[in-house]
Structure formats: C-alpha cells, structure tokens
Amino acid sequence: MPSTLKQILKEVTFEILETMFFALPEPLPDDGGLLPGLVFDLRASVALGGRQNLALNLFLPKPLAADLTASFLGLEPDEIDDGAVSDMAKEMINMVAGNLLNRIGEQAGFEMGIPQAVFGKRTLTQETLAENKNVFICVDDQFLMLSFSREDG
Amino acid sequence: MPINVLLVDDSKAMRSAIKKMIHISGIDVGEFFEASNGKEALALLVDEWIDVILTDIHMPEMDGLALLDSVGRDEVLKRIPVIVITTEGREERIQEAFGKGAKGYIKKPFTPEQFKQTVTEVIGEEYAVDAQADLEGSDF
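So the sequence lines, in the order shown, correspond to chains A and B. For the first sequence, this note's numbering assigns the number 2 to the initial residue and increments by one for each residue that follows. For the second sequence, this note's numbering assigns the number 132 to the initial residue and increments by one for each residue that follows.
The reader is advised that the hints may include incorrect statements.
Using 25 Å as the maximum straight-line C-alpha spacing, the simulated DSS-like pairs for lysine-lysine come out as follows [stated by the list, open to error]:
1. B:K143 - A:K63
2. B:K238 - B:K143
3. B:K238 - A:K7
4. A:K134 - A:K63
5. B:K234 - B:K170
6. A:K11 - A:K122
7. A:K7 - A:K134
8. B:K170 - B:K238
9. B:K238 - A:K11
10. B:K150 - B:K238
11. B:K150 - B:K170
12. A:K63 - B:K151
A few chain B residues facing chain A, derived, Cβ under 7 Å [said to hold, decoys possible]:
13. A144
14. A148
15. K239
Honestly, the hints are just simulated from the structure, not real lab data. The C-beta atom is built at its ideal place from N, Cα and C for all residues, glycine as well.
Assemble the whole structure, with the sequences as input and the hints as a guide.
Okay, here's the thing in structure tokens:
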C-alpha cells in the first residue's frame, strides 16, 4: 500500500473513531512492532471497484469490536450481541471507505459496494506483516487492522 | 420546544448511533420515528406530525433523493425540512440533494456540535435546543 494512501486511511479512521465512537486511537508503526500472533475475530469489508477491483477490509478482535459497538450505539456492554457487533463493523468500514473515496476516489474511478461483515478467526502472521500492506491502529491497548485486497482474491 | 424527528436509514445501527448523537447534542426531541427507506418514511409522514426529517441517501427500495422528490411534490409535506446525513462527499451528489429541496447536509463522521449547528441552522435555535441540556454538562 503506498505510504500516502496509508496516511489518508489512518487519518480518516482516526477521525471516525474519535467522533462517532468517542475512542482515543493511537498510531502504530506499519509493521506493528509486537503484533505477530494477534488474533482477529471479525472482518468487515466493502468493495471499492476501480481498475484493480479493490476491496477494503477491517479486522477486529471481538473484545475491541464489542467495546466499539457499545460506544457507537450508546449501549451497555451486556446489551451487545453478535448482530449489533456485525452492524457496527459494517457501518465503520462504510464510513472509512466513504471518507477515503471522498479524498481519492473521484479521480480514480472508485465506486463503493455494500459492506459485509463475517465472524472468523484470523491470526496475524509474520508473513502478513512483512507484506507491509496493512494499517494498524491501537485503541485502548487493543488493535485493529485495515488492508486492501482484490475482490476476486 | 421539543421537535419530532423522523430518522431514515437502512442501518438500524446507524439509526441508533444518530439517536445517541442527537441526545448528546442537547437537541430537545419529543418523539423519534424511524424508517429504513423512503417508502417507509412516506407512510409514517401520512400519520405522524414530523418537524424534521434526517435521511441517508443510499437505501434500498426508495433512496434519500427519491424521498426528497416525493416530499417536495406534496404541498403539505414540503413544509418539513429535510437534512441529509451521509458519507457521500461528491459535490455533484450534494448539490443534487439541495436541488431536490434538502435544507441541510451532515457528512459522516460528525460531532454532536456539528450536528447541533446544522439542525439549529435549519429549524431555528428556539425550536431545537433544550434549555436543560448543555453539551458541557454531558457525560460524554
């Protein structure tokens, strides 16, 4: 991922976390430092289209997803269920992608699809980190990851 | 004076989030009505007194722009101000919404202060703000 694109992605995600989720995000180095072995439980994604048929993905561990859901919806943690967590993740990736495209998309011919969210464990590997294609953000000592992928891949 | 709000968004989560933001903003709301698309919104508008409509653009069945068209064609409904809340940032789409009668535009993400400013600009300070509510006194 080009460094300029990473920077824009960080900026829009920070703004969304701060304003809509009342969270205090912290930046991490691109390689994440101590992150290998980190487990994510939820992936939200949205197609961006464009020449490369890209999709934007958001990976979250369940505890962070539950915290963000409670903040976003104004609910207590014990009121949160998987459906609410899934809805939150879809709204979050929708806002991140929408604001990203507002800054880069008109020139690049991107067009957003409908966001989706699926539960499923994914462990972050050293190989994934070495690809240097991801953006990591820390929220309350927990980590989320953003990455691009090809829709057909 | 409390206002009755019609919130139109296909995402239940986003409707909940916007309701929370309205509460934090200190806007004095009487009743909240919710619809998941423009068609449901029009059905509610027939039966309920609504002071302001807050609508997304992208929705299934009837989107926000089609809702603006329908409201604008109705002699009774067109008195109700419509504010568009969306991630859509393309200038031509925003201007299209204003051209169809939208009175305000709020881009997601937004702060409670930004939300309050737009709503009070559209419907008037004395109408929207609860004297008992104060952002500085909020827990958030």
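Holds or violated: A148 (chain B) as interface residue toward chain A, Cβ cutoff 7 Å? 5 Å, holds
Pair hint K150 (chain B) and K170 (chain B), alpha-carbon separation not exceeding 25 Å: 21 Å, holds
Take the C-alpha atoms of K134 (chain A) and K63 (chain A), compute the straight-line distance between them, and say whether it is at most 25 Å. Since the Cα atoms of K134 (chain A) and K63 (chain A) sit roughly 22 Å apart, the hinted pair holds (cutoff 25 Å).
Given the hint that K143 (chain B) pairs with K63 (chain A), test it: the Cα-Cα distance must not exceed 25 Å. 20 Å, holds
So if I understand the rule, the pair passes when the alpha-carbon distance is 25 Å or less; does K234 (chain B) with K170 (chain B) pass? Answer holds: K234 (chain B) to K170 (chain B) is near 20 Å, not above 25 Å.
Under the criterion that the straight-line Cα-Cα distance not exceed 25 Å, is the pair K7 (chain A), K134 (chain A) satisfied? Measuring from Cα to Cα gives roughly 9 Å; hence the hint holds.
Take the shortest C-beta to C-beta distance between K239 (chain B) and chain A; is it under 7 Å? With a minimum Cβ separation of about 5 Å from chain A (threshold 7 Å), the hint on K239 (chain B) holds.
Hint check, A144 (chain B) versus chain A [nearest Cβ-Cβ separation less than 7 Å]: Nearest chain A Cβ about 3 Å off; hint holds.
With the threshold set at 25 Å, check whether the alpha-carbon distance from K170 (chain B) to K238 (chain B) stays at or below it. 23 Å, holds
Hinted pair K238 (chain B) and K7 (chain A), Cα distance within 25 Å: 22 Å, holds
Given the hinted pair K150 (chain B) and K238 (chain B), is their alpha-carbon gap at most 25 Å? 16 Å, holds
Check the hint pairing K238 (chain B) with K143 (chain B) against an upper bound of 25 Å on the C-alpha distance. 18 Å, holds
Against the hints set out earlier in the document, no violation occurs for any number.
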